[in-house]
Amino acid sequence: MNWALNLLLLLFLVTTAAVAIRLRDLLAVAIVFSAYSLMMAILWTQLRAPDLALTEAAVGAGVTTVLFVLTIFKTTRRED
Amino acid sequence: MNFSRMFHNLNYVVSALLFLMGLYTVVVKPNLIKKLIGLNIMETSVFLFIVSIGMVEGGEAPIVAEGVKSSQMVNPIPQALILTGIVVAVSTTAVALSLCLKIHERYGTLNAAEILGRGEP
Amino acid sequence: MRKAAVLGALLIIGAMLLFAIGKMPAMNSRNAPDKTHVIPRYLEKGEEEGGAKNIVTGVILNYRGYDTMGEVTVIFSALCAVVALLDREKRGLSRSSPDASGVRSSVIVRTVVRFAFPVIVFFAVAYMMLHGEGSPGGGFQGGAILGASVIVFTLAFGLPESTRRMPLKVRIPLESTAIVGFLAMGIIGLAYGVNFLTYLLPGVHGAMAQTVRNLMMTVIEVGIGIGGGVIFISIVFAMMREDKYELQPDVPQP
Amino acid sequence: MNYFFLAVAAAVMVNAFLCLYQGAKGPTIQDRVISINIVNTKTLVVLLFVFFAIGEPGTYLDIALVYALLNFVVTVAVSRYIETERIAVE
Amino acid sequence: MPLAFAALCPIWGMWRRKACFPWSLLGVAITSFLVWSLIGKVNASKVVAYNVSGWRPPWGIQIRIDYMGLLMACLITGVGLMLLIYSWRYIVSEIKEERIPYYYTLYLLIFTAMLGFSITSDLFNFFVFMEIFSITSYALVAISGERMALRAAFKYLLMGAISSLTVLFAIAFLYSATGSLNMLDISSRLKSTAYLPVASVALILFIAAFAVKSALFPVHVWLPDAHSIAPSPVSALLSALVIKMGVLGIFRILFTVYGHSFSGLSSTWNSIAGVVAWAAALSIILGSVMAIIQRDLKIMIAYSSVSQIGYILLGITLISTRGMAGGLYNIVAHAMGKACLFLVAGIFIYKHGLRRIENLRGIGRTMPVTAGAFALAALSIVGVPPSAGFVAKWYILWGCFQEGQYAFVIVVLLGSLLSAVYCFRVVYYMFFTGAGRPGVGLDEAPFTMLAPTAILSVGTLFFGIFATLLLPSLNNAARVLLLK
Amino acid sequence: MSEYVRDAFIVLFSLTGLFFFVGGTVGLLRCPDLYARLHPSTKCDTLGACSVILALCLQAGASFVTLKLLAIAFFLLLSCATCGHAIGRSAFRSGVVPWHKPGVKPWPIEEDE
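Residue numbers (numbering that gives the first Met the number 0), protein chains in the order written: chain A, 0 to 79; chain B, 0 to 120; chain C, 0 to 253; chain D, 0 to 89; chain E, 0 to 483; chain F, 0 to 112.
Because the hints were derived from the structure by calculation, they are not lab data. There may be inaccurate statements among the hints.
Claimed, not checked - Okay, the calculated beta carbon distance ranges per label pair: (1) 21/A with 11/C: 19 to 27 Å; (2) 6/C with 107/B: 28 to 36 Å; (3) 467/E with 107/B: 39 to 47 Å; (4) 65/F with 211/C: 34 to 42 Å; (5) 6/C with 3/D: 42 to 50 Å; (6) 211/C with 61/F: 53 to 61 Å; (7) 0/C with 2/D: 46 to 54 Å.
Quick caveat: nothing in here was measured; it's all calculated off a predicted structure. In this text, a Cβ means the ideal position worked out from N, Cα and C, and glycines have one as well.
With the hints as extra help, turn the sequences into a complete structure.
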C-alpha cells in the first residue's frame, strides 16, 4: 500500500513538473511550482525526513514562490 | 539493469528524470524565469536523490524516542546535507531573480534570444 | 536542429545516470555502505554526543557544524548579492507597486493578517527555533516562517508600514546574527583550548557540561533563526521596492 | 486502519490530480490559483493521513501546521498583485 | 590550528559600513599573516589537519592543509591582498557609492570561501564553499549594473548553478557507494567498494562539472563575457583565483579522492585524464586564436585565461612528475601574470576609459610603469625565459617528452607562439607606435593602484628567476600524488 | 466494543471527507466560471478537510496531537475563507466577467466600464 501511494506521489511530482514546464503563463508556473514543492514535502515525510519537509514547506511554499511572484509581477507574465 | 530493479529504485529513476527535465528546461526554454524554474526542479531532484539514498525499509525518522531502535532509523546525514542544500538553492534563486529584475529593467524583456540579440550597445 | 542536439545530449546523460542507478545499492536496503560505515555511531550515540533528540539537528549543529556555518554564509552572501544588485530601500520610505496603486487590501485580509501575524511569529520563534532539538524544526525553518509572516504582513499593510516597523537600522545588525553567533560560540571553544565549534568544554563536567552545550546550541539556533528570517525579509523588501514609486523624503509618511 | 488511511489518501491524491488538470487548463490566473489552492488543501490532508499511517504523528504535525499557515501567504500575494496589475493598466 | 579562525576572520568585516576598506584590509592582512605562518608547519610535517567541532574525520569535518592547499591558500592571500589594495581607488569609479560596502563584503566572502575551498577535506563542505564563491562571483560580475554585465552574470549563473548541481549529484553517487564524505576516507574505501561503476559515473560528473567551473574548452563560453565585463579587480580575481578553484576541484577529485594508481578504476581514470588533456590542448589553441582576433583588451585577456587554464590542466593530467610540477607552477605564474594584466587594463580604463587595443598607441610613453608591468606580465604569459611562465611551460614540455606525448609538445609550442602574437601586439602598440599625446608628461595612476600592479609583475619575474624556491616542493608534491 | 464504534466513526468521517473532496473536484471541473468554482474550493474542500481532521482526532484520542490537529483545522478554516475572498475580489477587480447565458446581461458588470 505504501508503495502505491509512493508511486502516485512520484507520478504527481513528475506531472506537476511537466505542467510547470509546459505552461506559458509564468505566474501559473510559479503557482504550480509551489504545488510541486508541496508534493516534494509529502515525499519527504514518506522518506522519514520531517525536518526537510518542514523546510521545504516554509521555503518552497512560502519564500521561493513569493520571490517568483514578485519578480514575475515586476517583469512580465507571458513567456514568449 | 532490469526492470524490477528499476522499479525498486523508483525514486532514483524519478529523480534522474526530473533532473533531465530541469536540464531540458534550462537549456531550451528562452524565458529566463522558466529557466530558473527548471533550475529549481533540478535542485529538488538532486535533493530527492540524496535523501532516497538514506532511506531504510520500514525506517523511522531519526528522532530519538521511546520504542524506536537506532537500527531502525533512516540515515540522518543526507537530511542534514539537504537542509544545507535547500538553503543554497534558495540563495541561488534569490540572486538569479534579482538579476532577472535588473535585466528586465535594462533590456525590457526576459527572452534570452532577444537579450542576446540586443546585447551589443 | 538545436533541440535535437539538446535531446541527444540529454539522452546520453540520462543513459549514464540510469546506468549508475542500476548499479547502485538498492534503495531501502540496510546493508548499503552509507548505512554501515559512519551512521551507526550517529544513531546510537547521537543523543548523548550530539546533544539533541533529533539527530538531524545534532548532525547539523554539532558533527557538521562547520557546514552549517557555510550555509549561513551562503544566505548572507545571497543577501549581499541581492542588495548589491537592487540597492536597499532608502530611509524606509519605499513603496511597492500595490501600495502605489492606492488600493488597500481588503478589510477581511487585513483583519485576518492582524490576527494571524502574532500567532505565526510566536509559532516561529517559540516553537520552531527553541524546540528544534526534540522535534523537527530548527533555526532556519523558524527563520523562514518568520520571513513568510512578515511577507504576508507587508502584503496586507503595505511596504511603507512594514519598513517603518522594521527599519534598516534594525535589520542590518540583525542580518549578521547568524554568523556572529557561530563565530562567538566557536571562539568560546577556542578560548577554552578546544577546537573551533566544540561544545563540550574542558573543565566543565557532568550535567553542567550538558547544560552549557545545550545553551550554546540554542544560541546558535536562535541566531540562525533571526538572521535567516531577517535576511529573507530584507531580500523580499529589496525585491518589492520599486524606484518608480519612491516616495520623496519630505513627504510625510502615510 | 493504516491501510485504510493510505487508501483514502490515495483516493484524495487522485482527486488532486484532477484539480491539477483544471489548474493546468484554467483560462484565467485566478482559476489556476483556486485549483492549486485546492490541490494544496488536499495534499495537506494526504500529509495528515501519511503521518498517521507512519505512526507517531506528533513529530510530523508541525509540517501540516506550517502548510496551513503558508498556503495563505502565496494566495494573498498572488491575489494582491493581480488586483494592482489591472489597475496599473487602466 | 588557528586556520579555522583565520578563514572566518574576514566575515567580521561586513558589519562596518563606513571604513569598509581599512576593515577588510585588516581582515585580509590578518588572514594572510596566519596563512603564511603555516608555511613552515606544513613544510615540516607535510600536512596540517584540524578537526572542526572536535570530531574525527569520518564523523566530523576535517580541515586539511596539504601542499596543494597551502599553495592555493598562499596564492589567494597574496593576490587577494594586492587586489584589495588596488580596488580601493578603482572601485569608486565603476560602481555606485551605496554599493561599495557590499562590494567589500562580497570580496571578503569570496576570499573566505576560496580559502575554505582550498583547505577543506570534506566533500560536502567543498560543495558549500563552492556555492559561496559562486554566488558571490555572480554578484561581483553584475555589480556595476551595466547591461552586458547583467547578461554575462546571468549566463555565468546558469552554467555555474548547473555545474554545482552536477557536483552535488556526483557527491550523492559517491556517498551511496562509499558511505562517507571525507575525501581520504572515500579514497580508501573506494579501493574495496563493490560499486565501482557508480564511482566511475561520479567521476565523470565531477570532472564535467569542474570543467565548467574552470572554463575548459567546450564549456568556456561564460568566461570571456563574465571576465571582461566585470570591474577590473573583479576580473583579476575571477581570472586569477576563481577559475583556479575549478582546477583545484579537478585536481582534488582526480588525485585526492580517486587517486592515480587505483586498480579498479584505472582505465576509466586514465581515459578521463586523457579527455581532460585533449580538452585542455584544444583550449590552449582555441583560446589563443580567439584572443588574437579580439580588439578589446579585456576580452583578449579573458580568452588568454582560457588558454592558460588549458596549460595548467594539460600539465596536471599528463601524469608525469615534471608535467604536474609545471602545471602547478603555471597556477602561480598565471595567477600573478593574469591579475597583473587585468589590473593594467583597469588602469587604462580608470585613467582614459580605453578598452580598445588600437587606442593604446604610445601609452608606454606616458604611463611607463603601467605599460612596463604589462610587458613583464605578458612575458610571463607567453613564457619568455626569465619569467615564471617560462619555468612552468618548460616543465610541461618536459613532461610531454617524458610521457612521449609529442602531439602535446606541438600544442604547447604552438600555444606559446600564438600567445606571443596576441601579447606582443599589445606591447607593440603601447611602446612602438604613435608619438604619445603631445604635451602630456608622465601621467600615472594613483600609487595604490600602481603598487599592486608593479608588485605582481615583479612577482612573475621573481618566481621565474628564483624558481628553485618553489620547484622542489612542487616536485615532491607531484611525486607523492603520482606515487612515483 | 467502543473500539469498534470509534473505528466506525473514523471510517465514517474519513469517507465523508472523501465524499466532500470528490464533490469539490467535480464542482471544480464542471462549474462554468471562476466565481462558481470558488464554491467548491472554499466550501467543499474546507468541509472535507475538517471532517478528515475530525476523524484523525478520534484516532489520536485526547492528547497534544489532537490539539495540534484542531489548530490546523482552525487555520485551515481561516485561510481558506480568506483566500477565497481574496481571489474573488482580485478576479472581480481585474475584470473577470461572470459566466452568463448568451444574451443575458450579468448583474455586476456595468456597461460603461
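Right, here's what the structure says about each hint:
The given range of 19 to 27 Å is respected by residue 21/A and residue 11/C, whose C-beta atoms sit roughly 24 Å from each other. Distance hint check: the CB atoms of residue 6/C and residue 107/B are about 31 Å apart, consistent with the given range 28 to 36 Å. A hinted range of 39 to 47 Å for the beta carbons of residue 467/E and residue 107/B is inconsistent with their spacing of about 59 Å. Our hint of 34 to 42 Å for residue 65/F and residue 211/C holds, since their Cβ atoms are close to 37 Å apart.
Between residue 6/C and residue 3/D the Cβ separation comes to about 44 Å, which falls inside the hinted range of 42 to 50 Å. For residue 211/C and residue 61/F, the Cβ-Cβ distance of about 38 Å falls outside the hinted range of 53 to 61 Å, so the restraint is violated. Between residue 0/C and residue 2/D the beta carbon distance is about 52 Å. The supplied range of 46 to 54 Å therefore holds.
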